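Novice: The chain contents come next:
Protein chains: 2
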Amino acid sequence: MKTSPRRVCLLLTAIAATVTSTAVLHAQSFDSLQTAGSPLVLKAQGSFYIGGERIEQTQVELGGMGADGHITIHQMYVRYMVPQRGEDNWPVVMIHGATLTGKTWETTPDGRMGWDEYFVRKGRAVYIPDQVGRGRSGFDQSVYNNVRGGSIPPAKQPVFLRFSDEAAWPNFRIGPKAGVAFEDSQSPVEAAPEFSKQAVPDISLGLPQPSPTIKALSDLSAKLNGAVLISHSQSGSFPLDAALLNPDVAKGLVLVEPGACPTRYTDDQIRTLARIPILILFGDHRDNATGLPMFPTWQGRFEVCQAFVARLKAAGGQPELLDPTTRGIRGNTHMMMQDKNSLQIADLILDWIDTRASKRSVRK
Amino acid sequence: MKTSPRRVCLLLTAIAATVTSTAVLHAQSFDSLQTAGSPLVLKAQGSFYIGGERIEQTQVELGGMGADGHITIHQMYVRYMVPQRGEDNWPVVMIHGATLTGKTWETTPDGRMGWDEYFVRKGRAVYIPDQVGRGRSGFDQSVYNNVRGGSIPPAKQPVFLRFSDEAAWPNFRIGPKAGVAFEDSQSPVEAAPEFSKQAVPDISLGLPQPSPTIKALSDLSAKLNGAVLISHSQSGSFPLDAALLNPDVAKGLVLVEPGACPTRYTDDQIRTLARIPILILFGDHRDNATGLPMFPTWQGRFEVCQAFVARLKAAGGQPELLDPTTRGIRGNTHMMMQDKNSLQIADLILDWIDTRASKRSVRK
Chain V
1 MKTSPRRVCL LLTAIAATVT STAVLHAQSF DSLQTAGSPL VLKAQGSFYI
51 GGERIEQTQV ELGGMGADGH ITIHQMYVRY MVPQRGEDNW PVVMIHGATL
101 TGKTWETTPD GRMGWDEYFV RKGRAVYIPD QVGRGRSGFD QSVYNNVRGG
151 SIPPAKQPVF LRFSDEAAWP NFRIGPKAGV AFEDSQSPVE AAPEFSKQAV
201 PDISLGLPQP SPTIKALSDL SAKLNGAVLI SHSQSGSFPL DAALLNPDVA
251 KGLVLVEPGA CPTRYTDDQI RTLARIPILI LFGDHRDNAT GLPMFPTWQG
301 RFEVCQAFVA RLKAAGGQPE LLDPTTRGIR GNTHMMMQDK NSLQIADLIL
351 DWIDTRASKR SVRK
Chain R
1 MKTSPRRVCL LLTAIAATVT STAVLHAQSF DSLQTAGSPL VLKAQGSFYI
51 GGERIEQTQV ELGGMGADGH ITIHQMYVRY MVPQRGEDNW PVVMIHGATL
101 TGKTWETTPD GRMGWDEYFV RKGRAVYIPD QVGRGRSGFD QSVYNNVRGG
151 SIPPAKQPVF LRFSDEAAWP NFRIGPKAGV AFEDSQSPVE AAPEFSKQAV
201 PDISLGLPQP SPTIKALSDL SAKLNGAVLI SHSQSGSFPL DAALLNPDVA
251 KGLVLVEPGA CPTRYTDDQI RTLARIPILI LFGDHRDNAT GLPMFPTWQG
301 RFEVCQAFVA RLKAAGGQPE LLDPTTRGIR GNTHMMMQDK NSLQIADLIL
351 DWIDTRASKR SVRK
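These protein sequences, in sequence, are chains V and R.
Residue numbers are given in our numbering: position 158 of the first sequence equals residue 158, and the series is strictly consecutive.
Residue numbers are given in our numbering: position 271 of the second sequence equals residue 271, and the series is strictly consecutive.
Same shape as in the complex, but just chain V:
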C-alpha cells in the first residue's frame, strides 16, 4: 500500500478519534504479530544481570515496609539468545536509546521480526540490555521517597523524562510534523500508537555520571570474551566509552543515529579508538526541524560525527560513516531498527561486521 502524507494524516486523525478504549489500542499489535517461515533454533536463551552496588537505605527510602536494610541498585538487566551455529561470529550487544528499553530491538510496532531475532538467525549470539535506570534494570527510588517524606526539597528530585508523540514524530523524522509522514518514509506509521507504548520514564539525569551502563557494557564484553556493541541515539557514545575501559574486548562498535559523537576525547583516547572497527549510521531527512527547541537537527549531529570520523582517520583508523541515502536507500527514520526496511539496514550492519570486524577464534 502506498502511503501518502495526506492518507497518513487522515489515518492518524481517525485513530485519535476512535481510540477511546484500550480494546482498540491493543487490537492492532497482537493481531499484527507475524510468524517466521522457519523455526528459530536456539542453543540457549535466558537473562541475567551485570554489575550493581549493594547499599543500605532507610525505611523511608525503601517506602516504609520494614526496617532499614540493603538493596542493590545500578545493576543492568540483559536478555540473550544464542543460535545453534555461528561460533566464529562475535556476540552482538544492542543498547537502546532515551526513554526506551530493550524492547527497541524486539518485534516491531507493526509485528515484524526485530533485529534481536534477525541477528540470531544470521548466526550471532544477541544480548539485549535495559539501560541502568530503566525497564527491568530498575532505578534508585530513594530520593523520591525522601522527597515524599520531606527530608529533601522537591526541586532536587531528578526529572523523569518523556517525549510526547507529537515531539517524537518530527524529531525521529517520520515527517515534517506530527501525523504527517514523508512520502518515502520507511516508518510503519499505521502502528504509531504501538510505538508510543514502548516509551517509559527516563531517569538518566538522576544517574551517577558516567552512566553505570557504560561500565556494565564493558564488563559484559569482557565476560563474552569480546563483542560487537550496537548503540542507538542517547546511548550513541556508550560503545566508545565502554571500549576505552577495555579496548581488547571491543571487536566492533556500531552507532545507530548517535545523539552525539564525542568531542571530549584526548588524542590518546582517539588513538585507542582508531584501532577498533567503528561504523556510524544515520537515516534520511536529517535536516528536518526537530520540534524540540534545544535539540540540533540530525544533520547537525551528522556533521559532528563527520568531524569525529575525520579525527579517527587522522589517527590511522578506518571508521565508516554510512549514509544509506548514498546507496539509494531513502526514507529511514531515527528508529531504523523498526522501519519497514529494517532488515535491509540490518544487512548493511552485518555486511560491515563481516568485512571489518575480526572473526572469533573457536576452540574446537
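Take these hints with a grain of salt, some might be off.
No more than 30 Å apart at the CA atoms, straight line, and that leaves these computed lysine-lysine pairs for BS3-like [said to hold, decoys possible]:
1. R/Lys223 / R/Lys43
2. R/Lys313 / R/Lys359
3. R/Lys340 / R/Lys43
4. V/Lys313 / V/Lys359
5. R/Lys156 / V/Lys156
6. V/Lys122 / R/Lys43
7. V/Lys340 / R/Lys43
8. V/Lys43 / V/Lys313
9. V/Lys122 / R/Lys122
10. V/Lys43 / R/Lys122
11. V/Lys122 / V/Lys43
12. V/Lys43 / V/Lys359
13. R/Lys122 / R/Lys340
14. V/Lys177 / V/Lys340
15. R/Lys43 / R/Lys359
16. R/Lys43 / R/Lys122
17. R/Lys122 / R/Lys359
18. R/Lys359 / R/Lys223
19. V/Lys122 / V/Lys340
20. V/Lys359 / V/Lys122
21. R/Lys43 / V/Lys43
22. V/Lys340 / R/Lys359
23. R/Lys340 / V/Lys43
24. R/Lys340 / R/Lys177
Rough simulated footprint, nothing fancy, chain R against chain V, three-plus residues with beta-carbon under 8 Å [unchecked claim]:
25. 29-41
26. 272-279
27. 296-310
28. 350-360
From the derived model, a few chain V residues whose C-beta atoms are all more than 10 Å from chain R [what the hints assert, rightly or not]:
29. Lys122
30. Gly150
31. Val200
32. Asp241
33. Ala260
34. Gly291
35. Leu322
36. Ala346
It is worth saying that the hints were derived from the structure and are not from the lab.
What you are looking at is a predicted structure, and each value in this text was computed from that prediction instead of being measured.
Glycine is no exception: its CB is placed at the ideal position from the N, C-alpha and C atoms.
Using the hints, position chain R against chain V.
Specialist: Okay, now just chain R, sitting in the frame of chain V:
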C-alpha cells in the same frame, strides 16, 4: 554440596565483606549460566503491548523537553515464546509479584533454566508480562514531575516500594532471619546477591484500582482464545479478577503463594469461578515470622486460601490447594519458581493442568 545454616551465614558474611566492586557482584551470574543439553526450537518469539491509554500531559509533566503533548500510559509489555509443537495445550501467561518483573520466570539467580523456557519445552506457548507500572511497561511519571515543579505537595507523591534483602529473606522464608537458611531450604542461597538485583521500585500504590494489569490479562487471554494464568504473590488474585471479566477465556488459574485469597467476592462471582479449574500452591515453613510487622505469616495467608477453596467447593467447584510438603517435598520458599527444585514444582503444575484443564481444540 550440603548447605548448613552456619555455612550459609559464613558465606553471606564473606560476600558482604568482599562485595566492594561491581566486578565481584557480576562475576557470579554470568559464569553460572547453564546451557540446556538440547536446542530450544521455537515456532515464534517476540514481544508486544496490551492495553494502554493515550493521554495529554503538560510540558512539566513530560519533564520539560518540548511542549504539551500525548503519551501512552498503563500499557502492559508481554514477551512470548511459542514452541514448535503443543497446539492442543493452552498458552500459559505468567505474572510476577511485588517489586519484581517478568524476570521472575526467566533464568534463575544461580543460572538454571527458568519456568519460561521449561514450559515451552513442555509444549506450551508462554507469555511473560511486566505488570503495568513496572519494568518495560513503564509508569505514569507526571505526578513526580509535578511535585518537582511545585504544583503538587510532596506527600501526595505515590511511594516507590522496595523490600530490603534483610526483610525479603524471612518473608520469603529462606530462613528464620537474614543470612540464615533452613537446613532443608530449596533456595539457591549462594546466588542471593543475584536475586537482590531482580527487584525494581514498585509503584502499585500509585496505580488506578483495580490495577490495569487485570484488564490487560483478560484482554490477553481473549486474544489468545483462552489461556492458563499463573500468578505469584502480589499478583495472586489477578487471575481470579481477570477471569471474572471474561470467564470463557480463563482455562485454568494457578496462584503461586498468593498474597491474599479474596474474601470480597459475591456468591455470584464465586459461582462463576467455581466453573474454572483453580490451583493454589504454597511452599514450606509457612509459620516463619515474616520480619515485616504489618504482614501476616504465610500460614495465615494459607488459611485464608483454605476458606476460599472451601467456598468454591460449596459452590460446586473443584479447586485444589496444594501443599507440596504433604507429598514429601520440603523446603520450598516464596520464590519457588527459582528454588533448586523449581522444575519439580513446575511438573506439579503441568500435571495439574493436564489433568484438570481442558484441551484446546485445534483447527487442522
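Novice: Is V/Lys43 close enough to R/Lys122, meaning Cα to Cα at most 30 Å?
Specialist: 17 Å, holds
Novice: Was V/Gly150 rightly flagged as not at the interface, with every chain R Cβ beyond 10 Å?
Specialist: 6 Å, violated
Novice: Are V/Lys177 and V/Lys340 close enough, with their CA atoms no more than 30 Å apart?
Specialist: Roughly 20 Å between the alpha carbons, so the hint for V/Lys177 and V/Lys340 holds.
Novice: Given that the region 272-279 of chain V was listed as covered by chain R, double-check it with a C-beta distance under 8 Å for 3 or more residues.
Specialist: Our answer is that it is violated, as 0 residues pass the Cβ test (under 8 Å) against chain R, missing three.
Novice: For the region 350-360 of chain V, do at least 3 residues have a Cβ located nearer than 8 Å to some Cβ of chain R?
Specialist: With 0 residues closer than 8 Å to chain R, the region 350-360 of chain V misses the three-residue bar; violated.
Novice: Find the nearest Cβ of chain R to the Cβ of V/Leu322 and say whether that gap is larger than 10 Å.
Specialist: V/Leu322 clear of chain R: closest Cβ-Cβ about 27 Å, beyond 10 Å.
Novice: If you draw a straight line from the CA of R/Lys156 to the CA of V/Lys156, is it 30 Å or shorter?
Specialist: This hinted pair holds, its Cα atoms lying about 16 Å apart.
Novice: Run the distance test for V/Lys122 versus V/Lys43: straight-line Cα separation, threshold 30 Å.
Specialist: 14 Å, holds
Novice: Between the region 296-310 of chain V and chain R, see if three or more residues pass the 8 Å beta-carbon test, and mark the coverage as holds or violated.
Specialist: It is violated: at least three residues are needed, and the region 296-310 of chain V offers just 0 whose Cβ sits closer than 8 Å to chain R.
Novice: Sort out whether R/Lys122 lies within 30 Å of V/Lys122, counting only the CA atoms.
Specialist: Measuring from Cα to Cα gives roughly 27 Å; hence the hint holds.
Novice: In terms of Cβ atoms, is chain R entirely out of 10 Å range of V/Lys122?
Specialist: Answer for V/Lys122: holds, closest chain R Cβ roughly 16 Å.
Novice: Can you confirm whether the C-alpha distance between R/Lys43 and R/Lys359 stays at or below 30 Å?
Specialist: Answer holds: R/Lys43 to R/Lys359 is near 20 Å, not above 30 Å.
Of the numbered hints given earlier, the model fails hints 8, 22, 26, 27, 28, 30, 31, 34; all others are met.
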